[in-house]
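Two chains, each in its own frame: build the complex with the hints.
Line by line, the protein sequences are chains V and Y.
What the first sequence shows, in this note's numbering, is residues 4 to 358, in sequence order.
What the second sequence shows, in this note's numbering, is residues 943 to 1152, in sequence order.
Treat the hints with care, since some could be wrong.
[Claimed, not checked] As a list, the in silico DSS-like pairs of lysine-lysine whose alpha-carbon atoms are at most 25 angstroms apart:
hint, chain 1, residue 1, chain 2, residue 2
1, Y, K1106, V, K306
2, V, K266, V, K289
3, V, K304, Y, K1124
4, Y, K1112, Y, K1092
5, V, K338, Y, K1124
6, V, K306, Y, K1060
7, V, K339, Y, K1124
8, V, K306, Y, K1092
9, Y, K1112, V, K338
10, Y, K1112, Y, K1139
11, V, K338, Y, K1106
12, V, K266, V, K126
13, V, K113, V, K304
14, Y, K1039, Y, K1060
15, V, K166, Y, K1060
16, Y, K1040, V, K304
17, V, K166, V, K289
18, Y, K1112, V, K339
19, Y, K1092, V, K338
20, Y, K1106, V, K339
21, Y, K1092, Y, K1106
Read the hints as simulated data drawn from the structure, not as lab findings.
So you can see what is in the structure, the chains are spelled out below.
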Amino acid sequence: MIFDLLKGNISIEDIAFSNKKTISSKGSCKCGGDSSKCQSNNEKDSDEYDQVFNKKLSRRSAFSAMTKSLAVGAGLTQSACNPFSSSEKSEMQWEEFFKKNYRLMSDNEKDQTVHRLTSLYEKRTGNHVNISTDDPNENVLYGYAFNISQCKGYMDCVNACVKENNQDRSSQMQYIRIHEIENGQINFEGAEDNFYHEVPAEGHFYMGTQCYHCENPPCVDVCPVGATWQEKDGIVVIDYDWCIGCRYCMAACPYDGRRFNWKSPDVPESEVNLVQHYLGNRLRKKGVMEKCTFCIQRSRKGKNPACVEACPTGARIFGNLLDPNSTIRWVLDNKKVFRLKEDLGTEPKFWYFMD
Amino acid sequence: MKKNFVLFVILLVILVISTEIIPKTFGSHKEHHLLDRIRHHQLPADHLMFNHPDSNLYHQVNCDSLNNNCFFTERSSVLTASTSCSNCHDQPLELLKKQSNSSIKRSHWDVTLFHADKSIMTCTTCHSEQNMDQLSTLTGEALLFDNSFKLCAQCHSTQYTDWKGGAHGKELLGWQSPRVAKTCVSCHNPHNPGFPKRFPARLNTQTLQN
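Next comes chain Y alone, as it looks inside the complex (with noise of 0.2 angstroms):
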């Protein structure tokens, strides 16, 4: 019996030892996943290698999500870059209509609305109906159009989150930091968002020329 428990001992003695402490006195610890080699990676404070003087250009945001600056493309100035909405706009949309200069056919006259259906979205679910140099929440909060995308976000919360984080929308500068992006906007038509059918820019292999 005692025997037993002697040679019980030695074992759990040997098998500690083979399995603690010689990996971590003889073997080097070595990180066999690339994804704890990237997680455990220290980068230092300075690490900032590329700077973009064009990152100047773009209207900044805070990502809540992000430590670093984020940089989208400005809104507000290309939309006011003639003249302010409210210019035309000073009355409801169905007075513009009924004016006897209606016939004349100004900016963006054939505007329809392909985007969710009546009874989700109207005009004024983005436009403000006070102020149409602005646009306007859910709930009438007035918002600036270069924060359309705090817009798109009350109904896309998956794509903003994605976007604020980088898995969604086009970079514009490069990999480093800052991140410069595009915003909703850029890309999709708020009155229509979706992307028509095309063709590819190229035959995808050479089978087909054969």
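The shape of chain V in the complex, shown without the other chains (with noise of 0.2 angstroms):
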């Protein structure tokens, strides 16, 4: 059973339960018979562990505090062949095991879990962490436009991609996807996804996808857990510690926006960015889901995502939709734009238009 317990397979109420059936039984009470005189029966029996198992606790709290000890155990077993680590290391990982959805923290238990994990990593490597929980800017929608006449396919913008967003640099998973086209169509069958020629090519032109942090995002709606959202400022993302890396909602992108962490992310550790943000760059574990953020640790502190910034063309276009004066509402004012799908009715926040 403690290995259930371990895997999450099964709650503390369970064990609660099944205890209670093995103690009742006892009892020979048969439900369907007399019930009041069962229920009575069973109360009287419960009294053993009513104070271990029915007190007043959230599942997590309970689970966590009966944990935390066998932790601190094994840590100071620990600690004894070993100086360095301490039973405060295994307490932070088992608190931050337990720890709860990003958005029903308090802003005391988002700072208890940023210092958690800056403490972890700084044991772990020596490097300072800095992990932002910023929240959303108010009146702030942000919105992207991409200009398919002035991309020339140089894929700047996904090497700064990968670099500013702590990607696995092996697996080659990439948040921005550049096709290219050959004129006349838009057709992402007939497209070329891994050119390497000189750029841009003859007759053809170049068409970046990458997440685009729908309106009414369906990867949200069939996640199972809760793990992904979308934030005030319309950043769809994801709680890296909440996410049970089942891909439903990779399944339920209909732009192939999502990425899966197959393995352990590889970034060597002198490339880390050390400016992160809890939902946005800090680094992911092997099984769970991530996607562009819009840059999150950089939009919110009124920075241009790195895509934008490291495009040499221009091609690339941020801002806030809500701000009349902004150059995205310019674009969508007076180009002519299109969207991917819009049929679907998922009205994502990233358009393309022309020269």
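Encoded structure:
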């Protein structure tokens, strides 16, 4: 049972219930017979474990408290052999393991988890990482426009994105895909996705795709654990510590915007971007989803996403849709824009346009 | 006949109630389209959240299409950092070339014009013959090097409109106001405004590697 517990397959109530069952079976109570008698019998039996299991505690905190003592014990034995790793570290790891969903955390709890994450990282690597929990800015709704006549397929955006967002270097899992498409069609099936020749190629244009941060995101609807949601400023984010890796969202996304960590991301320590956001580019682990966050760690501080900054041609335009004076609004009001798969009603906040 | 008329009136009333009154009173007036939501949003007057101290470094120009401040990169300070143009260009180019010391190759001796063809563009289409420290428009009006984008706009009016609005060109600081962008000549060499082909910065996907 303890293994099931560790895997998270059963909850504390399940244990309580199974205990209850074994105890009550001793009293040979037949449910369906005299139910009131059966109930009172049960209550009497329950006295023994009441103090442990029926305490008014949330499931997670009870479990966390139960296992913490175990962890501290394990930590102490470990520290006897290795003076560097402390019981504090294992306690932190356990608390990290049983923390809440980001959306349910109070400001204090957010600070605590950031503190734990930074000190654990510092213990492991010696580097100080800066994890922000900046909330969405008021009166801001981010939007993006992509000029398909300006994009020349230089791929500088992808390089910048990989670096900024601490993406896995070995699997080439990239948030941005650049498709080389023959003039006269917009057909992704006929697009060349792995070009390596001098660009721009004659008779071709280039179209970049990434997460579109839809206004009605289908990926959010299908998540069984509420690990992904849309923030007030329109950015669709993922709580990497809450994601169970079921990849429903990946299947639900009509735009191939989401990526999955099939293995632990491999980021050289010297290349880690230490300026991070809890919902953005902080280091991920094996078995969780990730995707473009409009560089939440940058955009919420007023900067452009890394791809916009890196684009040498100015094909990428980013801004506040609610500001009528912003460049993105000028594009929407003055250029002929289109979005992919408009008929789905997902309302992507990512428009394409031409000169 | 009268019965039919009453029936018609009743049906009309039901129709009006179902299409007009019920949705307005009971249903929340939800904007279905993202663009409606965006356009109906009232931005408070003090919505500027970030201030770029760096924006003071840039030359401010008047963008008549926008209410907010726009800044663009300066040109004249770059060009005249060491010396002004008229220090050398005190006489016509042909005379300069004939001078005895013309064998000494000085600054930008290799400038060749790859911009339109000779019937449309010559040096003096942009440079002022009278004052080499300035540019001149098609009608002969003097123009500072800082405002060179006005020269480009004489022919490339579509690109100029896009650039002014924000659909063309390179933003420098961030997405918020004030907007800071590069000018035409920060990217395009005015004597050779096209860009050569080059290899992409990386392979696109792993398929090729396999």
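Consistency of the hints with the structure:
1. Y:K1106 with V:K306: OK: K1106 of chain Y and K306 of chain V at ~20 angstroms, within 25 angstroms.
2. V:K266 with V:K289: Roughly 5 angstroms separates the two Cα atoms, so the pair holds.
3. V:K304 with Y:K1124: holds, 22 angstroms
4. Y:K1112 with Y:K1092: holds, 17 angstroms
5. V:K338 with Y:K1124: holds, 21 angstroms
6. V:K306 with Y:K1060: Measuring from Cα to Cα gives roughly 43 angstroms; hence the hint is violated.
7. V:K339 with Y:K1124: holds, 24 angstroms
8. V:K306 with Y:K1092: violated, 29 angstroms
9. Y:K1112 with V:K338: Satisfied, since the Cα-Cα distance of roughly 17 angstroms is no more than 25 angstroms.
10. Y:K1112 with Y:K1139: holds, 19 angstroms
11. V:K338 with Y:K1106: Holds: K338 of chain V and K1106 of chain Y sit about 13 angstroms apart, inside 25 angstroms.
12. V:K266 with V:K126: holds, 23 angstroms
13. V:K113 with V:K304: holds, 19 angstroms
14. Y:K1039 with Y:K1060: holds, 20 angstroms
15. V:K166 with Y:K1060: violated, 46 angstroms
16. Y:K1040 with V:K304: violated, 58 angstroms
17. V:K166 with V:K289: Given that 25 angstroms is the threshold and the Cα spacing comes to 19 angstroms, the pair holds.
18. Y:K1112 with V:K339: Answer holds: K1112 of chain Y to K339 of chain V is near 20 angstroms, not above 25 angstroms.
19. Y:K1092 with V:K338: holds, 22 angstroms
20. Y:K1106 with V:K339: holds, 17 angstroms
21. Y:K1092 with Y:K1106: holds, 11 angstroms
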